[in-house]
Amino acid sequence: MTAREDLNVLAWGRVHRGRHFVSDPATRNGVGAAIRETAEAGASTLAHGLGRSYGDSGLNLGGGLVRTTGLDRLIAFDRAAGIVRADAGLSLDALLRVTVPAGWFVPVTPGTKFVTLGGAVANDVHGKNHHLAGTFGSHVTRFGLWRSDRGEIECAPDENADLFALTIGGFGLTGVITWVEVRLERIASAMLEVENIPVDDLDAFFSLSERSDSWPFTVAWVDTLARGERLGRGIFSRGRWAGNGGLNPHRSGGPRLPLDAPGGLLNSLTVGAFNRLYRARPGARFHGRQHYDPFFYPLDRLRDWNRMYGSRGFYQWQCAIPTAHMREAVRVLLDTVAASGDASFLAVLKTFGDAPSPGVLSFPMSGATLALDFANRGADTLSLLSRLDRVVAEAGGRLYPAKDGRLPQAMFRAGFPRWTELEAARDPILMSSFWRRMTEEA
Amino acid sequence: MAAINRILVLGATSAIAERWCRLRAAAGDSFLLVARDGDKLAAIAADLTARGATVGTSTEDLADTADADTRFSRWTGTLGGIDTVFLAYGILGDQQEAQSDTAALARGLQANFTSAVVWCELAARAFELAGAGTLVAISSVAGDRGRRTNYAYGAAKAGLSTYLEGMAHRFAGTEITVICVKPGFVATPMTAHIDGRDGPLWATPDQVAEDIEKAVRKRRPEIYTRWFWRFVMLVIRHLPRPIFNKMKI
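Protein chains in written order, with the numbering used here: chain A, 248 to 689; chain B, -6 to 242.
Hints listed in this document are in silico derivations from the structure and should not be mistaken for laboratory results.
Just so you know, these numbers come straight off a predicted model, no measurement behind them.
Among the hints, erroneous ones may be present.
SDA-like, lysine to any residue: derived pairs with alpha carbons at most 25 Å apart [said to hold, decoys possible]:
#, chain 1, residue 1, chain 2, residue 2
1, B, Lys207, A, Arg498
2, B, Lys239, B, Glu215
3, B, Lys207, A, Leu494
4, B, Lys207, B, Arg141
5, B, Lys211, A, Ser499
6, B, Lys239, B, Phe178
7, B, Lys207, A, Asp340
8, B, Lys207, A, Leu455
Which residues of chain A face chain B? A partial, calculated answer using Cβ under 7 Å [what the hints assert, rightly or not]:
#, residue
9, Ala273
10, Thr274
11, Asn276
12, Arg320
13, Ile322
14, Ala323
15, Leu546
16, Trp552
17, Ile676
Ideal placement from N, C-alpha and C gives every residue a C-beta, glycine not left out.
All chains should be built: construct the whole structure from the sequences, respecting the hints.
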């Protein structure tokens, strides 16, 4: 086998794309050979799962890529204890189909189920329950790591502990994650009790957030076009697992967006109209039961939704702001966006809890997080993002590398001061476009 | 089907077979997986076990039919009887190679046709003794018309299709079901070298497995998967020779 040349591997934001030398191992024992042959063809290599990282952290432009989606098997599932061990390329989508009927759910889930276990560890993903459950990495008990200098090793809190902590949130650079063992959460049903509550401004959001502390899942959608007194207007959503209602997993399928939408389809006019409708629709005041699929994964309904932004793609931008400055900083950020006239279609606001992650370079911090996305309009978009960056830097916050394709080096180094430890522990054969930008000397 | 099925899977490391087994594993079925690649076989067995199935494995070369009767009896014994046989192995091969290398040509025919019908006939014998059973075998749309780019593979699959058609005829009106599966383009490791695998004619192994499971439930003797291949092949079979001869397919 030799690595295949693929001229157009895309990141989820579709701004970053390009040539890679790709290999698809069919079993975990094939990972070593796949690493060797892709690194031989491309000078370095990187594991790549379902490609849901938005920017350049999942790409290694011009280099090798080990696609892990063929490593999609369970290794063991203890239905009594709720501990599952599976190949790193297994998606949450596939995992939940097996665990939900047995009464178990992943302890932390991001906003899409089309991520692999390896990707969830490498980005130490978080979800709507961060304030109570912490990150995904907090529930990982053990994983396998293939390193070019040591072969396959096991990492756990008490075994290769340094590599365990550096791999959780380590952007896939410490080795190729081959399998992951995770402790699941018991559920009595696949349904959640959900309350959606319209909030009129930012203060209303923060006070409702505080009062909702006992709800395991909270998040808010924000209308980024609202200004002045209405700044921060949106819909606060909270949920908890229901006590009954059956253990039916989600169904597959759903429509796909077959083409790139025409450029400029998502502009302040259409987003404004959407925002008004979104707040006015009956669902904005929904109190009732909802299956986990629409609750956690609303965007999974439309496959390839990222093509909505047209052929030039889009930028995601997500920050974490420490508690002391979160109210003021979020206000300034939303003000900046509203003043720019550039609407963010998906604006998500949430408070983070203070549970520390085992990951050395984990993104969440106690405080608030705001996620925005903008169609790629070139220099205008980049300039808006730098204005937002400055607010975050001044507030002592940081940006989420998995979502960002242009995170400036200085901003990254300031937000993740322990990055040098990752660089020291990096497997020399592994590299990503993101890491090249973060480490190259100016 | 409430009772536990005892399933013999020949070529269990094929992507289509693996996906079909996953569909069945949650029901607690009992599997014996046979294939050449012991490493991959072990990984698949662990996966199906974790999903709720009872799984045994045997690492052997199915293209080799030496001691076929003994081996088939051994498999039957291991499972304690057989309700379903799923035959999924095959080698795509290379047409140019088949034309220039007679050993390669013979190997392809042995794998895709000769050995396959030997196992099918042994399954039929077992089912006849038991009075019931289901045989599912993966053939190919390539067998529907000989084409310059892959007639060595196509002819072997045509032979297999005809053999299965005859068996379905033989068992019509009985409790024995014979299903000939004709997949079109499927994105599997067997076709990893072909470009354009995200095109509209390509299916995932999961889609093909679901189509097969539907055919098993409905006891269809022949299915094309995806469904539109029935019409694609209908057109290709009926293309007048002057037009067909100009095509590089």
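Here's how the hints hold up against the structure:
1. Lys207(B) <-> Arg498(A): holds (17 Å)
2. Lys239(B) <-> Glu215(B): violated (30 Å)
3. Lys207(B) <-> Leu494(A): Satisfied, since the Cα-Cα distance of roughly 24 Å is no more than 25 Å.
4. Lys207(B) <-> Arg141(B): At roughly 33 Å apart (the allowed maximum being 25 Å), Arg141(B) and Lys207(B) break the hint.
5. Lys211(B) <-> Ser499(A): Holds, at roughly 22 Å.
6. Lys239(B) <-> Phe178(B): holds (22 Å)
7. Lys207(B) <-> Asp340(A): Satisfied, since the Cα-Cα distance of roughly 22 Å is no more than 25 Å.
8. Lys207(B) <-> Leu455(A): violated (50 Å)
9. Ala273: holds (6 Å)
10. Thr274: holds (5 Å)
11. Asn276: Status holds, d = 5 Å.
12. Arg320: The hint holds - Arg320(A) has a Cβ within 7 Å of chain B, the shortest such distance being about 4 Å.
13. Ile322: Given a least distance of 5 Å, the restraint on Ile322(A) holds.
14. Ala323: This interface hint holds because 6 Å falls under the 7 Å limit.
15. Leu546: Violated, about 21 Å.
16. Trp552: Since chain B brings no Cβ nearer than about 17 Å to Trp552(A), farther than 7 Å, the hint is violated.
17. Ile676: Violated, because the Cβ-Cβ distance from Ile676(A) to chain B comes to roughly 23 Å (cut-off 7 Å).
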